[in-house]
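In the working numbering, the protein residues as written are 78 to 204.
Keep in mind that the hints were calculated from the coordinates and are not lab data.
Mixed in with the good hints, there may be bad ones.
[To be verified] Straight-line distance between alpha carbons at most 27 Å, and here's what the computed DSS-like set of lysine-lysine pairs gives:
(1) Lys201 / Lys104
(2) Lys135 / Lys113
(3) Lys114 / Lys188
(4) Lys114 / Lys156
(5) Lys98 / Lys191
(6) Lys113 / Lys98
(7) Lys104 / Lys116
(8) Lys180 / Lys113
(9) Lys199 / Lys113
(10) Lys197 / Lys133
(11) Lys114 / Lys104
(12) Lys133 / Lys201
(13) Lys199 / Lys189
(14) Lys189 / Lys156
(15) Lys201 / Lys135
(16) Lys135 / Lys104
(17) Lys116 / Lys191
(18) Lys199 / Lys135
(19) Lys133 / Lys98
(20) Lys116 / Lys156
(21) Lys147 / Lys197
(22) Lys180 / Lys116
(23) Lys189 / Lys135
(24) Lys114 / Lys133
(25) Lys199 / Lys147
(26) Lys116 / Lys201
(27) Lys180 / Lys104
(28) Lys197 / Lys114
(29) Lys104 / Lys197
(30) Lys180 / Lys197
(31) Lys147 / Lys98
(32) Lys191 / Lys201
(33) Lys114 / Lys135
(34) Lys113 / Lys188
(35) Lys116 / Lys199
[What the hints assert, rightly or not] What follows is a set of in silico ranges between Cβ atoms, one per label pair, in the way DEER data are often shown:
(36) Pro148 / Ser85: 22 to 32 Å
(37) Glu200 / Pro148: 10 to 20 Å
(38) Glu123 / Glu96: 32 to 42 Å
Glycine included, C-beta positions come from ideal geometry on N, C-alpha and C.
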Amino acid sequence: MKYPRFYSFRNFMDICLKENKIDELIKSQDLIFFFKKGKNIYGGTEENRVMFARMKNKSDKDAPLSLDEKPTFSAINIKRLIDSTPGLTHVNAKDGSTWKLEKTFSEEDIKKIKIIDLEKIKEKLSE
């Protein structure tokens with residue numbers, strides 16, 4: 078199949094726009110902790126990173142994570158959010174806030190999580 082002349086330029090522009098969208102998302106949500114679980118890529122805040130570290134490296138020196146329930150942390154599914162339909166807004170019916178495609182992770186998920194750095198995220202999401 079022969080592509081139009083502007084196809085390679087358009088493809089380049091799409092990659093640049095996607096990278097800008099990734100940067101904006103990371104800055105607006107204060108994401109500093111990135112990981113992959115299955116085919117999805119997630120981002121979390123400093124609070125999420127600390128909880129993940131405490132859940133992963135339990136020691137007797139640390140205070141109990143929780144007295145009455147299992148410890149959890151949440152993260153935003155960056156892959157789904159970046160790939161979502163432009164202009165489509167997900168709104169929470171209860172409080173009117175924007176839905177961020179969050180997922181909650183527990184101790185059972187820890188072994189399935191692979192930490193990745195920001196450059197790998199940009200590379201994978203730009204494909």
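**OP:** Go through the numbered hints given earlier and state which of them the structure violates, listing their numbers in rising order.
**Re:** Checked against the structure, the hints that fail are numbers 15, 16, 18, 19, 21, 25, 31, 36, 37 and 38, while the rest are satisfied.
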